[in-house]
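**Q** Here are the chains, one letter per residue:
There are 2 protein chains.
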Amino acid sequence: MGETLLPAIGVEILIPACAVVAIAFSLVQWHLVSRVKLSPHGLDSAATDGGAGKNGHAEYLIEEEEGLTDHNVVLKCADIQSAIAEGATSFLFTEYKYVGIFMVAFAVLTFLFLGSVEGFSTSSQTCTYDPTKLCKPALATAIFSTISFLLGAFTSVASGFLGMKIATYANARTTLEARKGVGKAFITAFRSGAVMGFLLAANGLLVLYIAINLFKLYYGDDWEGLFESITGYGLGGSSMALFGRVGGGIYTKAADVGADLVGKVERNIPEDDPRNPAVIADNVGDNVGDIAGMGSDLFGSYAESSCAALVVASISSFGINHDFTAMLYPLIVSSVGILVCLITTLFATDFFEIKDVKEIEPALKRQLIISTMLMTVGVALVSWIALPPSFTIFNFGSQKVVKNWQLSLCVAVGLWAGLIIGFVTEYYTSNAYSPVQDVADSCRTGAATNVIFGLALGYKSVIIPIFAIAVCIYVSFSFAAMYGIAMAALGMLSTIATGLAIDAYGPISDNAGGIAEMAGMNHRIRERTDALDAAGNTTAAIGKGFAIGSAALVSLALFGAFVSRAGISTVDVLSPKVIIGLLVGAMLPYWFSAMTMKSVGSAALKMVEEVRRQFNSIPGLMEGTAKPDYATCVKISTDASIKEMIPPGALVMLTPLIVGILFGVETLSGVLAGSLVSGVQIAISASNTGGAWDNAKKYIEAGASEHARTLGPKGSDPHKAAVIGDTIGDPLKDTSGPSLNILIKLMAVESLVFAPFFATHGGLLFKI
Amino acid sequence: MGETLLPAIGVEILIPACAVVAIAFSLVQWHLVSRVKLSPHGLDSAATDGGAGKNGHAEYLIEEEEGLTDHNVVLKCADIQSAIAEGATSFLFTEYKYVGIFMVAFAVLTFLFLGSVEGFSTSSQTCTYDPTKLCKPALATAIFSTISFLLGAFTSVASGFLGMKIATYANARTTLEARKGVGKAFITAFRSGAVMGFLLAANGLLVLYIAINLFKLYYGDDWEGLFESITGYGLGGSSMALFGRVGGGIYTKAADVGADLVGKVERNIPEDDPRNPAVIADNVGDNVGDIAGMGSDLFGSYAESSCAALVVASISSFGINHDFTAMLYPLIVSSVGILVCLITTLFATDFFEIKDVKEIEPALKRQLIISTMLMTVGVALVSWIALPPSFTIFNFGSQKVVKNWQLSLCVAVGLWAGLIIGFVTEYYTSNAYSPVQDVADSCRTGAATNVIFGLALGYKSVIIPIFAIAVCIYVSFSFAAMYGIAMAALGMLSTIATGLAIDAYGPISDNAGGIAEMAGMNHRIRERTDALDAAGNTTAAIGKGFAIGSAALVSLALFGAFVSRAGISTVDVLSPKVIIGLLVGAMLPYWFSAMTMKSVGSAALKMVEEVRRQFNSIPGLMEGTAKPDYATCVKISTDASIKEMIPPGALVMLTPLIVGILFGVETLSGVLAGSLVSGVQIAISASNTGGAWDNAKKYIEAGASEHARTLGPKGSDPHKAAVIGDTIGDPLKDTSGPSLNILIKLMAVESLVFAPFFATHGGLLFKI
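So the sequence lines, in the order shown, correspond to chains S and L.
Following the working numbering, the numbering of the first sequence begins with 12 at its first residue and continues without gaps.
Following the working numbering, the numbering of the second sequence begins with 12 at its first residue and continues without gaps.
Here chain S stands alone, though its shape is the one from the complex:
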């Protein structure tokens, strides 16, 4: 089997060091963003700083500077920013309050269920996988699972909240920088995204690392028990993410759809016009949904794939031989990933300069390519020093011999599958290519053909990502069974810091555009922020592609771990218990989507009524002489999302419990597999359809080609048809679609955590 080159003490230094470096790096980025002053008297110095700061951006100012001396605009921006930040903070606190109650209740349930496995006995028991040894009691697993569940939930909250804070800190600053040119605005938005990306990656890693070391003080050599209880971390992170994604998704899209339906369609006023009462709610929504929700989501994926890998490793030769370095291989990969992303970020902020709007999208794409290539080298290196040349991996009852280069390939195949998914997503959602242009063209004959073509595009965009995931699964499973799949997922997520940076960049630019419009700034500023935003739409779709691809791998790995833990060796489709599980599981994403889409629809209808009421009852609103009542719209979105996130959340959280308790682990396996294979498809197609509609609309609005100009301008019939498509796509791409990857992951990790309970007490109905 052999030794690892890297000693255990090296691991104990490497992981926290990488995390600390990442945190320091993100604080530096934050500091750089903070140098853009949001008060009039600081303005001149900011301009000077920007012009001749240490990063040498003096040559940036190739575009005309706009309104740099208008102090009034700065004040307005600061005002709007604080309104958005306030709304977002207040919503998140309300959300966390309600979800907090749920989390505590679920923590109690977790403790009771897991504690009851051995009747709350405090005496040691024989281990599950190695019956010759004694392991810590089930009660300990119950306690530590509960603790790690709460830790995961808390880290998820922190990730989302910090992301929202930096985003609402950066949006107005991006707007102000846009006066100096598109390059400066890009840097500000991207740096802010990087703050979120690195903070999240570092926190996720650090908390997990500390938890493992603390739990080890109690568990000692019982790594089976130790890593079984660590899986609570993934469950906590994902549960929080579910509510964050669903609640935030309903919030943002209710406001967005409501604002657009009255403002753009009925009143013919521009997007983000300050006269629209729902405009603040819309901008708040970007921060709580697309930033906080997405941050929690990706943190959840990261936590879950780490936990899945660890729990499988603990019953493989790493765990049996107590090889700490190899055991923490998943965390080492993530640590190296952070360093790789750090270097990659410099390519966007320091090594290259954006001088023209056309360079934005390539610059963001370059981030993906650079990080993937560097990481490929990193993975090879890490696998060489942190893994023994040969080892065994638990494979449903037997041990499979694996070489270190094979495991390295598993990580790499995940990494590259992520890149392929990213590029395919870009092809189907960017308006630089024919699919979106065809959708835009179909707007000639109205909204109906636009929707038909858009749906067809989304369906078609599923094909290559599914093949990529399938190849990834086949290769990594063949080499290293379920551990290989977990590591492929971690490989896809190893560049999460960069992924999040370019993902968060989108909503920040979106907000920046909103602030420019509301502050009544020059249309050239708005054009610059629009260009940033259009690239952001594509990167957001790419981010969703990553999230879904990794979710598919993660949940498969968790599924494998669950099956092992539940003590079943085959999940036979030919058994009626499994096939009905498959069928019902494949239905769950539809049920879930029905709930979330209807919620957005109903909340949007309420919003529309309120906005119409204000336009009709507040004199002078359309003329711009009276201010709308933003607060009521914020309240409508808040109330709707808090109320409406409960049923879909309950569906996801309760299904594994009900199925496991009533029908047992076999049917539950079917449900997990069914929801996985069906959910992935709907999630990908919904995200891409929505992204394509959004960019088809932007294509017509921008009018950058001969073809686009024949469809435009804004207000033409094809443009109106495009707006309808965009509105339909909103809940698809930002509410139901991205929530589905949490659905498949969460059900899997929850099943894994409760596997000991189901194996002991489950399947009541079939026992009668």
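Since the list can't tell identical chains apart, any single copy or any two copies may satisfy a pair.
Using 27 Å as the maximum straight-line C-alpha spacing, the simulated DSSO-like pairs for lysine-lysine come out as follows:
no. : residue 1 : residue 2
1   : Lys617    : Lys731
2   : Lys778    : Lys414
3   : Lys778    : Lys411
4   : Lys48     : Lys87
5   : Lys617    : Lys638
6   : Lys227    : Lys144
No lab work stands behind these hints: they were computed from the structure.
Since chain S is already given, all that's left is putting chain L on it; use the hints.
**A** Chain L alone, transformed into the frame defined by chain S:
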């Protein structure tokens, strides 16, 4: 084990007798329809006949008779009818010509592949399931499979073609009868539907029965080989149905969408206005898509479930003991089903009378309930006389003991699951209930919310049908393994004659309305046909629900038979070969839908251009003084559908071959299971979403309630939004949705037919 009460000679009399009775019954119905004369001089006698005919309908004429003496109208109707009939016949001949070439090629392929299993050896071989016996050579199976394949294809063609003939014979007659009242029109349309239903059910049964008896002359006691080659019948039927559904679906929706987009949306002329150049193509489409396509589809389901049941029975105690009565139990159930449907039909045509438009939908629903209740008794009776009290069923390698009452329950659970699916579908697609009314209400805020609510409705409508199918699978599998599931499917299809009658009634009424409009008849006539058509929309959705539910069961049964035949005993989700199959299989319905939706969209765009061209270039067209060029529009639909049906058809036909040959039977099992669990959901949601949009539009147009009137009238903004939804729903409900059930069935039956080949020569890639 025991004997059956019914001797073999009884079976030999019962089955053909029932088929002949059904054919006679449908000829009588046809004769009754033909008494409505389509020539002016026959008019008076027809009116007299109708008024005091032998059925005693004199009291029917509670509504005012309209224009009975206007000979001109009759001539116009006859003209339009012959144009529609001509278009439909010409399209079907073109379609059959192209598909015929494909069928012959595929027949050759079938022969070569199956013949090569034993290297075209003519010597007998040991049987697959009972190695102590000698069976006929693989070459014989190849020959007879090819023959039954062609027989199935031919019967499918005949079913579709005859249906189209009666439908295009009845449509104008329904219009003319509508002048005398809604009751007379209903009877005419329903009788014509019954002609199709009974002809199809009887043909399907009779051809299968004769084929078995003829094949038996060669096979003798080798029932394993006999029924293995009979499965080609299902494959032939379903292959033909695939092209019929897809080709017909593209034809009808290209014409429908194209006609609506220009006529209703741009030119503000009513639906089916004779000035619209696409109007004939639209009406032809109803007959080739909704009639011929659907007929082939349901015939395919019927043939496949019979074959699945027979092939499993042949290796169970029925086949081993050569118990001919029990062996033909599936055909006996279908025979009794025909008798039950015959009685049920009389309730609609003779025992009750329709006096008001409100009675139409309940009358059709009553058909479902009566047939289900009568059939429940029939099943119990048949199971008692045609089955031994106890027998064994092959269950993946072992034999499972089953009692006759248990098998009877399997059939009954399928029958009732069908009824539940029917009622749920009705609830979600009829505008008498809140779901459709909510969708209509969401049109207040425009097309976007309409689409969001409609999609959510479709997703939600999946829940109960999936649970019904799951319960059905669990019960029937527990009682009688895969044979139970095949019999549950046949149970659901046992009332196929009634199902088809009420299903075909819809497009006939739709055509009748179109003819009324084109002939310039009084608006009251159009109101009557509209009422018939609205009920037809709901029953069409119910019919699709049945088709999908039975397809799910059928393909599961075929899947089980395939797995047995391919010699694998478990399909383990935890094997990478299976899980990648599952994932890719679940993706296929999306790929397929992307193709068909895009085809409809592109063909509709071409149609729009042609219609616009005619409106712009033919002087006097809008004023009604010049006639449009209908033939060009018919040609556009024909060309588009013939060309566009190839790629989706190839996808479905080639996937099992490619996967089986390259990846082997395990991956193919995964693909079949994946496409089954994912396809069912999309098919149900697509059909119901489309049906709901259609009826939401009709709800606003009819303005039958206070609420509906606040949304209307025709031409209001909410109505325009509803029209957009209706147009989007067209390809969903009539092209991609219903084709998906053929996709899942066909891949399963094809895998079963080629199972011996895959088991011998398959999985090349993994052998390297």
